[in-house]
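Novice: Here is what each chain is made of, one letter per residue.
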Amino acid sequence: DAGITQSPRHKVTETGTPVTLRCHQTENHRYMYWYRQDPGHGLRLIHYSYGVKDTDKGEVSDGYSVSRSKTEDFLLTLESATSSQTSVYFCAISVGGLNTEAFFGQGTRLTVV
Amino acid sequence: TQLLEQSPQFLSIQEGENLTVYCNSSSVFSSLQWYRQEPGEGPVLLVTVVTGGEVKKLKRLTFQFGDARKDSSLHITAAQPGDTGLYLCAGKLNNDMRFGAGTRLTVKP
Chain F
1 DAGITQSPRH KVTETGTPVT LRCHQTENHR YMYWYRQDPG HGLRLIHYSY
51 GVKDTDKGEV SDGYSVSRSK TEDFLLTLES ATSSQTSVYF CAISVGGLNT
101 EAFFGQGTRL TVV
Chain W
1 TQLLEQSPQF LSIQEGENLT VYCNSSSVFS SLQWYRQEPG EGPVLLVTVV
51 TGGEVKKLKR LTFQFGDARK DSSLHITAAQ PGDTGLYLCA GKLNNDMRFG
101 AGTRLTVKP
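Going down the list, the sequences are from chains F and W.
Residue numbers for the first sequence follow the numbering used here, so the first one is 1 and each next one is one higher.
Residue numbers for the second sequence follow the numbering used here, so the first one is 1 and each next one is one higher.
Treat the hints as calculated values from the structure; they're not laboratory data.
All values derive from a computational prediction rather than experimental measurement.
Some clues are possibly wrong.
Claimed, not checked - For lysine to aspartate or glutamate, the following EDC-like pairs were computed, each having C-alpha atoms within a straight-line distance of at most 16 angstroms: (1) F/K53 to F/D73; (2) W/K92 to F/E59; (3) W/K92 to F/E101; (4) W/K108 to W/E15.
Could you put together the complete structure from these sequences and hints?
Specialist: So, in structure tokens, the structure goes:
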């Protein structure tokens with residue numbers, strides 16, 4: 001158990017509203033990631049962080065922003081949710097360096113109606 | 001088009017049967033990982049392979065990395081219902097980690 005907690009676990013929101021998902025870790029890991037998982041696409045990286053206030057874009061970053069003001073928390077914000085952002089979102093950490101073996105949270109199922 | 005193609009997409013077998021699932025690419029990876037994911041949960045790391053031709057065993061699961069480090073296979077011997085889940089491969093390419101779409105395995109009692 002890598003001590004990763006995601007909140008909320010489920011959320012339904014309306015198109016055009018902002019949404020923030022939270023990832024909290026208890027073990028002081030440097031690298032944190034946000035992925036989305038969609039049928040037929042597997043896991044795709046949205047953004048990642050390599051330290052407090054240090055973040056970078058992933059493969060599918062458009063429409064998303066992130067913040068990391070403390071080591072333990074990595075926030076993902078959908079500025080104005082769209083139906084195409086309906087997905088399951090996973091937070092992950094890696095312990096061996098950037099993009100090494102990942103340990104995942106339990107996921108947040110987001111539905112945009 | 002996925003960078004990593006996993007096959008088959010779906011596999012349903014009876015308890016006790018053997019199976020192999022595949023993870024293929026035209027790219028060369030510095031390492032490759034296999035994960036298993038159960039419904040409502042995040043993926044859980046099973047193994048990492050690094051060297052071309054490497055074989056790793058985890059109880060009834062055997063993982064092989066291709067000689068050219070472009071592909072990998074996962075073989076399960078005497079499958080059990082507890083093996084049911086989504087099996088994902090992920091390859092490290094330059095500084096990126098890319099995931100396949102997965103093989104969804106169902107083992108019937």
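Novice: State for each hint whether it applies.
Specialist: Structure-based check of all given hints:
1. Under the criterion of a C-alpha separation no larger than 16 angstroms, the hint pairing F/K53 with F/D73 is consistent with the structure, at around 11 angstroms.
2. Taking the CA atoms of W/K92 and F/E59, the gap is about 14 angstroms. The hint holds against a cut of 16 angstroms.
3. As the CA atoms of W/K92 and F/E101 are separated by approximately 10 angstroms, the hinted pair is consistent with the 16 angstroms bound.
4. Distance check on the hinted pair: W/K108 and W/E15 sit about 6 angstroms apart at the alpha-carbon level, within 16 angstroms; holds.
Going down the numbered hints, you'll see the structure goes against none, and every one checks out.
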